[in-house]
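Engineer: Using the UniProt record's numbering, you'd call the opening residue of the sequence shown number 1 and step up by one each time.
Heads up, a few of these hints could be off.
[What the hints assert, rightly or not] The following label-pair restraints were derived from C-beta to C-beta distances: (1) MET97 with CYS19: 27 to 37 Å; (2) GLY65 with VAL6: 39 to 49 Å; (3) GLU38 with LYS98: 31 to 41 Å; (4) CYS99 with ARG4: 22 to 32 Å; (5) ASN40 with ARG91: 33 to 43 Å; (6) GLY15 with GLU101: 21 to 31 Å; (7) ALA61 with GLU31: 35 to 45 Å; (8) ARG34 with CYS99: 35 to 45 Å; (9) ASN35 with ALA56: 32 to 42 Å; (10) ASN35 with LEU100: 20 to 30 Å; (11) ALA61 with CYS99: 28 to 38 Å; (12) GLY65 with GLN90: 17 to 27 Å; (13) VAL7 with SER96: 21 to 31 Å; (14) GLU102 with VAL6: 12 to 22 Å.
[Unchecked claim] As a list, the in silico DSS-like pairs of lysine-lysine whose alpha-carbon atoms are at most 30 Å apart: (15) LYS52 with LYS98; (16) LYS49 with LYS98; (17) LYS55 with LYS98.
Worth flagging that the hints you see were computed from the coordinates, not collected in a lab.
A virtual CB, placed ideally from N, CA and C, is assigned to each residue, including glycine.
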Amino acid sequence: MPARDVVAWTAMIAGYTSCSHHSHAWALFCEMVRNEMEPNAFTFSSVLKACKGMKALSCGALVHGGLSSKACRDPFMWKMHSWTCLVVYQRQIRTSMKCLEEI
1 MPARDVVAWT AMIAGYTSCS HHSHAWALFC EMVRNEMEPN AFTFSSVLKA
51 CKGMKALSCG ALVHGGLSSK ACRDPFMWKM HSWTCLVVYQ RQIRTSMKCL
101 EEI
């Protein structure tokens, strides 16, 4: 990429995600963070979709950690952080319910 700004990174991540190349989107997001580029709300949204597509809760948790630190400064990010928490907790509740049903 000639111009490596947050818009270019996010466009590439979103493109990979929309074409179901989730692992490529995740790798690009990791590279973005290593290059000290700060993701925005659209980046977080795209990479979380990639995590979902990979069924990688641990990757989603890493993104969530970055999201929660940014949420303190941006009201939109706070809403996104809250939504992500709800999704994670919902999954944990479903897993717990499944275990209880099996007992």
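Engineer: Give a verdict on every hint.
Structural biologist: Outcome of the hint check:
no. : hint                          : in the structure
1   : MET97 with CYS19: 27 to 37 Å  : holds (34 Å)
2   : GLY65 with VAL6: 39 to 49 Å   : violated (19 Å)
3   : GLU38 with LYS98: 31 to 41 Å  : holds (38 Å)
4   : CYS99 with ARG4: 22 to 32 Å   : violated (45 Å)
5   : ASN40 with ARG91: 33 to 43 Å  : violated (25 Å)
6   : GLY15 with GLU101: 21 to 31 Å : violated (40 Å)
7   : ALA61 with GLU31: 35 to 45 Å  : violated (19 Å)
8   : ARG34 with CYS99: 35 to 45 Å  : holds (37 Å)
9   : ASN35 with ALA56: 32 to 42 Å  : violated (22 Å)
10  : ASN35 with LEU100: 20 to 30 Å : violated (45 Å)
11  : ALA61 with CYS99: 28 to 38 Å  : violated (20 Å)
12  : GLY65 with GLN90: 17 to 27 Å  : holds (19 Å)
13  : VAL7 with SER96: 21 to 31 Å   : violated (40 Å)
14  : GLU102 with VAL6: 12 to 22 Å  : violated (45 Å)
15  : LYS52 with LYS98              : holds (20 Å)
16  : LYS49 with LYS98              : holds (24 Å)
17  : LYS55 with LYS98              : holds (18 Å)
The structure is inconsistent with the numbered hints 2, 4, 5, 6, 7, 9, 10, 11, 13, 14, although it conforms to all the rest.
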